[in-house]
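Residue numbers (the working numbering), protein chains in the order written: chain A, 1 to 313; chain B, 1 to 313; chain C, 1 to 313; chain D, 1 to 313.
Derived by calculation from the structure, the hints in this document are not laboratory data. Positions of the beta carbon are idealized from the N, C-alpha and C atoms, including for glycine.
Dumping the calculated DSS-like pairs for lysine-lysine here, alpha-carbon to alpha-carbon at most 30 Å:
no.: 1; chain 1: B; residue 1: 143; chain 2: A; residue 2: 143
no.: 2; chain 1: A; residue 1: 275; chain 2: B; residue 2: 71
no.: 3; chain 1: D; residue 1: 71; chain 2: C; residue 2: 143
no.: 4; chain 1: A; residue 1: 216; chain 2: D; residue 2: 275
no.: 5; chain 1: D; residue 1: 216; chain 2: A; residue 2: 275
no.: 6; chain 1: B; residue 1: 275; chain 2: C; residue 2: 216
no.: 7; chain 1: D; residue 1: 275; chain 2: C; residue 2: 71
no.: 8; chain 1: A; residue 1: 71; chain 2: B; residue 2: 275
no.: 9; chain 1: C; residue 1: 13; chain 2: C; residue 2: 91
no.: 10; chain 1: C; residue 1: 275; chain 2: B; residue 2: 278
no.: 11; chain 1: B; residue 1: 71; chain 2: B; residue 2: 30
no.: 12; chain 1: B; residue 1: 13; chain 2: B; residue 2: 30
no.: 13; chain 1: D; residue 1: 278; chain 2: A; residue 2: 275
no.: 14; chain 1: D; residue 1: 143; chain 2: C; residue 2: 71
no.: 15; chain 1: C; residue 1: 275; chain 2: B; residue 2: 275
no.: 16; chain 1: C; residue 1: 275; chain 2: B; residue 2: 216
no.: 17; chain 1: D; residue 1: 275; chain 2: A; residue 2: 275
no.: 18; chain 1: D; residue 1: 216; chain 2: A; residue 2: 278
no.: 19; chain 1: C; residue 1: 216; chain 2: B; residue 2: 278
Going by beta-carbon spacing under 10 Å, a handful of chain A positions derived as facing chain D:
no.: 20; residue: 162
no.: 21; residue: 163
no.: 22; residue: 190
no.: 23; residue: 191
no.: 24; residue: 193
no.: 25; residue: 194
no.: 26; residue: 195
no.: 27; residue: 196
no.: 28; residue: 198
no.: 29; residue: 275
no.: 30; residue: 278
no.: 31; residue: 279
no.: 32; residue: 280
no.: 33; residue: 281
no.: 34; residue: 284
no.: 35; residue: 285
4 protein chains.
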Amino acid sequence: MGLTIGVDIGGTKIAAGVVDEDGTILETYKVPTPPTPDGVTDAICAAVSEVSASHTIDAVGIGAAGYVDDKRATVLFAPNINWRHEPLKDKVEQRIGLPVVVENDANCAAWGEYRFGAGQGHEDVICITLGTGLGGGIIIGNKLRRGRFGVAAEFGHIRVVPDGLLCGCGSQGCWEQYASGRALVRYAKQRANATPENAVALLALGDGTPDGIEGKHISEAARAGDLVAIDSFRELARWAGAGLADLASLFDPSAFIVGGGVSDEGDLVLDPIRKSFKRWLIGGAWRPHAQVLAAQLGGKAGLVGAADLARQG
Amino acid sequence: MGLTIGVDIGGTKIAAGVVDEDGTILETYKVPTPPTPDGVTDAICAAVSEVSASHTIDAVGIGAAGYVDDKRATVLFAPNINWRHEPLKDKVEQRIGLPVVVENDANCAAWGEYRFGAGQGHEDVICITLGTGLGGGIIIGNKLRRGRFGVAAEFGHIRVVPDGLLCGCGSQGCWEQYASGRALVRYAKQRANATPENAVALLALGDGTPDGIEGKHISEAARAGDLVAIDSFRELARWAGAGLADLASLFDPSAFIVGGGVSDEGDLVLDPIRKSFKRWLIGGAWRPHAQVLAAQLGGKAGLVGAADLARQG
Amino acid sequence: MGLTIGVDIGGTKIAAGVVDEDGTILETYKVPTPPTPDGVTDAICAAVSEVSASHTIDAVGIGAAGYVDDKRATVLFAPNINWRHEPLKDKVEQRIGLPVVVENDANCAAWGEYRFGAGQGHEDVICITLGTGLGGGIIIGNKLRRGRFGVAAEFGHIRVVPDGLLCGCGSQGCWEQYASGRALVRYAKQRANATPENAVALLALGDGTPDGIEGKHISEAARAGDLVAIDSFRELARWAGAGLADLASLFDPSAFIVGGGVSDEGDLVLDPIRKSFKRWLIGGAWRPHAQVLAAQLGGKAGLVGAADLARQG
Amino acid sequence: MGLTIGVDIGGTKIAAGVVDEDGTILETYKVPTPPTPDGVTDAICAAVSEVSASHTIDAVGIGAAGYVDDKRATVLFAPNINWRHEPLKDKVEQRIGLPVVVENDANCAAWGEYRFGAGQGHEDVICITLGTGLGGGIIIGNKLRRGRFGVAAEFGHIRVVPDGLLCGCGSQGCWEQYASGRALVRYAKQRANATPENAVALLALGDGTPDGIEGKHISEAARAGDLVAIDSFRELARWAGAGLADLASLFDPSAFIVGGGVSDEGDLVLDPIRKSFKRWLIGGAWRPHAQVLAAQLGGKAGLVGAADLARQG
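So here's chain A without its partners, still in its complex pose (with noise of 0.2 Å):
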């Protein structure tokens, strides 16, 4: 097979490209969101007939925030763009003409790691994805595993705290709530607000106020050393080690690949979460320890991998 082209739909653009069997990225094309479901749709077309004039296009991979049937065909659910059991696959292939799969976005990001980033050469492989909120993807035996129903790997809301936050999705105390980008400012604002002599530098860095504390703020701020802006990574480390030790006795994986925003800030946010990650897994001395890894394929994750699968058909 030749060429194919990935999707990502995001929440403020949708990107197509084209992209080859080594996972290069030869053209891309990016729209703004539209704000209807049916909009979306067709601005998916839209860009995937722009970046196809040019090259010969043999698949299409669509990558979306939500529930993707076991046939990789229909969105059950997404709660951004307000689909429901959307027939996603039939209508855009009747539009451009070629074979389409649909996948969960977090699933492409974990297969485009796997195939052409940090998860090369490993067969099993956990990823999670750490931005506004906390998504993941499981490969086991060189495979994409998405469940009998096509849902598995929501890892965000695992039950980490029972009793715990509110959680968008009407749970509480979900693991997206503890560790994720949004977790993180939590972390600082309230950090900020009960010791703010402790946080001059990150509170400089906004508005002067906790409420103007955002993700950049706390990166920067602890690098210059702010003692709140540490804390809060540590905390959110403290949540990310603790649940890929769990992830860790349930599957088991060589590595974990810890991507999104968050994973930006490299070794700041890598080593404490390697560091929990020692201090929770079960019988650490008597097992090998999967490695912790860093992301390799930043933002392109998704629309690599949603075009790879898009090859693998």
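Could you slot chains B, C and D onto chain A? The hints should help.
Positioned in the frame of chain A, the structure of chains B, C and D alone reads:
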């Protein structure tokens, strides 16, 4: 392949059984579990020799509680038997002259149920064993999934309560401290102690004190309408069902199989677990639900599964 | 001393009442709660003037939601009215020419119940108010205990779940997130969403959806046997009773009084709370148990208590 | 009144001391703690006789670990000594011919610190004792507050983690399981087990294994910069400070006094507790903060306090 032998190493007895390709046990032999590590190996060999005398055996599968390595040869860590990096496969093969496969006992039970019990017809099944502790096994795509290093599916030790109950593994808040036969007895004792007026039937079955409560009393009292006994099962189900909901978020199987001594009570415990599972399942309105099934093979699942895994090679 | 006035500042109405030494309300006047801080002060003075016209008044007691200082003069922090270090006593005294006592509203309600309601005859009483949130008051040795700085008895904000639900106060896991009218509605909505088949009666009382559930529906449905409604009360009681057990460990009163809108349901909510209290009481076999009593004065407790505190001087 | 005797019943020794009205101990006598309940009573009488020989004594105060009734006469329940409804006051008075006051030992220590130690000048003080477990005492309005039935201030057994660690009292998640000398050792053992490379100094002080870690090692290693030791104190402080914040919400004292063996380490443990207290204090920006003070009387607080309570009559 013809007949194989399955070995089940229990706390009090070691059982070896000759099993055919349909999962039928043709002959069984049991010996008391010796107190020393080497004694256990001796007893395994003796039991295998005993049952293999009048059959033509092709291979032997041994189920052991603990970590078994990726080659299914070495027991890395068996807390009960005090094996540490024990080359069990080599030792037994040298003694009995047959190919040996070593596997975690809960994995064996899961495989047994998948092949010949409640899991037949399912490709993706998660089994949990509610015995004294909580064990489990993962079947995805018709294969037992053992992890990269052989120690996957340690369900009992995922953390369900941060800073929770101390576990024998050294960690805190492990699932098996909340969902297991031992947990059930603790629930009943605590409740009988606080409100003995609601545990009259339950207390009458033992020595009259909360300390005298045993697992079998709780089942019997629950069937008789004892409030504390019923509430103890409900508490167990609360934790078991919430954990299954987490496993659904992770694995999305078509079925869960609940085995182990606690599950012998059938719908007395299964129905509350199903309710709790439904209560905690994330996105339940937008996805197919896994079935929650009672195991069918009872205490034989491990032996039958071990024999069949040996057959598969 | 003769007559005094009690003022109750509610979210929608401000009530002033003339109260005699037996706690009887002789006359009441209500005005809508103005939207601005100064408007509230104006309304208080107006209402006091109105009811004092035809009586000889010796003093005025004002109950306010928030922190009131050790001199019972300044409202340090009132989240709803947006008072910050507001010298309410001075302002009102200057305007109405009568001695004024300012007190936390839950303290007023506790005092009212202690003097004229369920707490009569007890020297050591702890009151909790299950309204939208959870407030409380402490009577030890026949005296209202306000703490060194005036802000004691903030029961609603003790932490009952580490890393638990976000609270309006900025902290997490506060008791009022688990035991209050708002919590009750959350319990019902979550359960009706997960298992609508068990909430048929409950859902029929609102708009048919979980989001349409209101507190009054839950009471009515519970009386009709609706499973989700009953279970929601049970969950509320689980947290309320466990918290009372903690307060027993700390204060060891002879009685708890449970007031607020939730307690209007009487034994529907009180009985489960009593059971839960007994379940969680530490050392229950070796100590006398505090009674758990329903409040008797309903919504008038705060006004009557404020008036009586003014009388005490 | 002249001199009084205070008696401190410890796990290994019983100490009786003659104390003057300034809290000065004039003479002390110690005997090993006998293993039987009656033996303890005998030893108390013997020790009192010994120290009273050369002084004129007006009364005797006895501090006992356990529930003491509202008359300060009967030990309702003493888990360590196996007293159940023991009429200790009557028994000792009959034998020694002096007025006797029995009081909970942590109450005695709190009173000692309030009168002659860190609490001087405060009217409202909460004391916590971080020893093997966690005890406490409440002074409000210059009086020791014992509750209606005598068993108030059982701080160690408020529930800080639902479904948390099993406690000797039969309940789960009690504060003393997270903030006490025993908890500190558990923290260090768990961390040294998971990450021995961070506990080199700590492990070298014992037998080289996590199991050999003792409390004194942790202090010494923390001062030497051992990461696991420092982190163990930080974890202790996390729970101690959060609990003090809860007590501030409830009692709003002007000072907390932290005593017990753990507090002997001074600022090594007090500073992290202060930070944690500030982190978790509700509404910290809008209220005066209680001071967190180190106890001053060390192990003598209980004896001195018992003697002074006897003097007060």
